[in-house]
Amino acid sequence: MPPVFFERDEGTVHVYFLDDLLLSHLDHMLPLKEKPGILRITRDADFTVDLSDSDPESTPDLIRKNLGSRDKGRLVRMQYAGAFPKEFIQEAADSLKLDLRQCFKAPGTLCLHGMLGMVSDISGDYRSSPTLAAPPLRSTLPLPFEPGHIEKLFANLTKSDFVLHHPYDSFDAYIAFLAQACADPMVTMIEQTIYRTDAVGQIVATLKTAAKTKKVKVILELRARFDESNNLRVADDLRSAGCEVRFGFGALKLHAKVTLVTRKEGDKIVRYTHLATGNYNAKTARLYTDFSLLTGNADIGDDARLFFDAVSKNEVPTNFKQLVTAPTKMHQKIRTLIKAETEAARAGKKARIFAKVNAMVDEKITEDLYAASQAGVQVDLIVRGACSLIPGVKGLSENIRVISIVDRLLEHSRIYYFQNAEAVYLSSADWMPRNFFSRLEIAFPILNKRIYRFMEEVVIPGYLNDNVKARRLTNRGTWVRTPDHGKAHQAQVYFEELAAERYANTPLADLELPPEPALAAAPESKTPKPKGETKLKPEAGSTAAAKR
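14 is the number that the working numbering gives to position 14 of the sequence shown; each next residue is one higher, with no gaps.
Derived from the structure by calculation, the hints contain no laboratory data.
Errors might be hidden in some of the hints.
As a list, the in silico SDA-like pairs of lysine to any residue whose alpha-carbon atoms are at most 25 Å apart [to be verified]:
1) K105 <-> E87
2) K469 <-> E87
3) K97 <-> A45
Derived Cβ-Cβ restraints for the label pairs, each shown as a range [said to hold, decoys possible]:
4) V480 <-> A298: 46 to 52 Å
5) G348 <-> E146: 30 to 36 Å
6) T478 <-> S312: 46 to 52 Å
7) G376 <-> D44: 25 to 31 Å
8) V393 <-> D20: 42 to 48 Å
9) S388 <-> T213: 47 to 53 Å
10) R233 <-> L22: 19 to 25 Å
11) G376 <-> S312: 43 to 49 Å
12) D299 <-> D44: 30 to 36 Å
13) E501 <-> R408: 18 to 24 Å
14) E146 <-> V480: 42 to 48 Å
15) T336 <-> L410: 48 to 54 Å
Here the structure is a predicted model, which is why all the values come from computation and not from measurement.
By construction, the Cβ of each residue, glycine as well, lies at the ideal position given by its N, Cα and C atoms.
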């Protein structure tokens with residue numbers, strides 16, 4: 001039901017929640033003996049489709065068959081608003097077979113899920129009012145992806161990788177890359193994974209256009225929760241346009257984000273790869289923070305080809321040169337890297353671990369991080385959601401710090417950094433058993449030295465120094481504000497300004513590669529840091545930069 005509506009009276013916007021209106025006026029519509037209230041019931045909307053013994057081509061029919069079961073899922077929660085007596089709540093819970101621990105009194109309205117719709121309903125001067133809406137996010141299209149430069153992108157990628165930090169770097173950069181691959185007569189094939197995408201967006205439209213002149217292969221995961229119907233439409237649409245569409249197989253969900261462009265350059269076959277931490281979805285790319293990498297690296301291109309070949313044959317991909325994949329190697333690789341940092345610390349060498357993930361609940365990795373902390377490794381984790389690790393326990397995890405950043409944009413990127421190994425990986429995988437063992441995931445290394453330094457000296461401190469939106473996990477399991485000593489540093493604002501300034505003074509000269517902007521360092525916070533932490537900052541006078 002519509003959550004709110006607006007009434008304008010002499011320049012004033014009045015916001016009414018529908019449940020409040022019902023509670024206020026229901027006694028005028030019905031002969032009530034007691035004060036009314038509102039209940040809302042929540043069902044488990046998840047469903048499982050067993051594909052272990054089925055032909056992947058039958059996946060669409062199985063998904064369609066099971067979609068109807070979502071409305072019949074078991075009840076998991078009851079919420080209520082209004083003056084309900086305790087006896088009524090107990091009776092309602094009993095009749096619904098719910099425990100009282102599954103029943104919650106709403107602190108306000110039950111219609112908060114409609115707040116996003118409220119924003120779209122605000123028009124005219126109200127949208128620009130600072131009391132109603134935040135300033136529009138500045139999203140910058142890097143120069144190499146602008147018209148007049150995008151035509152040289154493949155030549156540029158033979159010389160340098162590009163890292164993009166969305167949405168500060170516009171997702172239109174990826175759209176431009178895909179469109180250029182579509183238009184380039186030397187491109188013979190485009191291969192792409194899709195987990196969640198916009199059915200009527202530019203990505204699907206570009207792939208359909210590309211299929212008219214070249215081979216297009218799409219590996220599409222139909223089991224993306226709540227996007228099943230959308231993905232079924234995308235599959236039908238792509239197939240009708242001539243694209244070859246395959247589906248995820250068996251018990252493994254395809255969660256990796258990768259695009260491979262194959263190009264015939266003279267008598268050589270050259271591959272260009274795009275890898276990402278987030279979905280190929282232009283809508284969510286404006287709301288989620290993610291990283292993506294564009295590279296002409298031959299090893300990564302060969303790995304991407306092997307990945308697509310294996311998945312197309314319903315096989316689990318393995319034996320890569322650079323990419324690290326789940327469910328075969330990722331869990332062990334991360335554990336090996338953590339243990340290497342631990343041994344380095346014991347030998348008196350530099351050692352540090354940083355990870356940014358949505359969730360950290362893997363038992364083995366938790367144990368490895370405890371061991372690393374006890375050896376003197378400084379461990380910094382940014383975990384937006386669930387975290388089973390307990391930081392700051394003397395003798396166990398005193399060298400581990402965990403923070404969470406919840407801000408205007410949803411923090412969605414995954415970053416793994418190991419100082420002694422000089423390794424940075426970006427990934428689609430959280431540190432959870434389901435990602436390590438029940439999904440097809442990719443972690444991809446940052447091999448370009450300039451981009452590596454950008455991640456080490458700008459991105460990681462840029463996040464860790466947040467003293468506005470960051471919250472720190474205590475050893476009691478509570479989240480507290482980080483001390484705000486020194487100048488306020490808000491990570492998302494910092495990255496927005498960094499992207500806007502990066503190409504501000506770059507001349508639009510007819511160059512194969514634009515001049516390198518100077519590497520900007522994240523401002524150092526005066527927030528006290530746990531024992532053993534090494535500050536990351538650029539060398540004096542450094543002019544190295546990540547190609548953006």
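*Holds or violated: are the alpha carbons of K97 and A45 at most 25 Å from each other?*
This hinted pair holds, its Cα atoms lying about 17 Å apart.
*Take the C-alpha atoms of K469 and E87, compute the straight-line distance between them, and say whether it is at most 25 Å.*
42 Å, violated
*Confirm or reject the claim that E501 and R408 have a C-beta distance inside 18 to 24 Å.*
Check passed, 19 Å falls within 18 to 24 Å.
_Range hint compliance [Cβ, G376 to S312, 43 to 49 Å]_ = Since the Cβ atoms of G376 and S312 sit about 46 Å apart, the hinted range of 43 to 49 Å holds.
*asked:* Can you tell me whether the CB distance of E146 to V480 sits inside 42 to 48 Å?
replied: Distance hint for E146, V480 holds at roughly 44 Å.
_Please check whether G348 and E146 have a Cβ separation lying inside 30 to 36 Å._
This hint is violated: roughly 49 Å between Cβ atoms.
*Using the C-beta atoms of V480 and A298, is the stated range 46 to 52 Å upheld?*
For A298 against V480, whose Cβ atoms are near 48 Å apart, the range 46 to 52 Å holds.
*Straight-line alpha-carbon gap K105 to E87, limit 25 Å*: 14 Å, holds
_Does the beta carbon distance between S388 and T213 stay inside 47 to 53 Å, or does it fall outside?_
With Cβ atoms ~50 Å apart, the hint holds.
*Using the Cβ atoms, figure out if T478 sits within 46 to 52 Å of S312.*
Given about 48 Å between the Cβ atoms, the range holds.
*Per the hint of 48 to 54 Å, is the separation of the Cβ atoms of T336 and L410 within bounds?*
31 Å, violated
*asked:* Range first: 19 to 25 Å. Now tell me if the beta carbons of R233 and L22 are that far apart.
replied: 35 Å, violated
The structure fails to meet hints 2, 5, 7, 10, 12, 15 from the earlier list, while all remaining hints are met.
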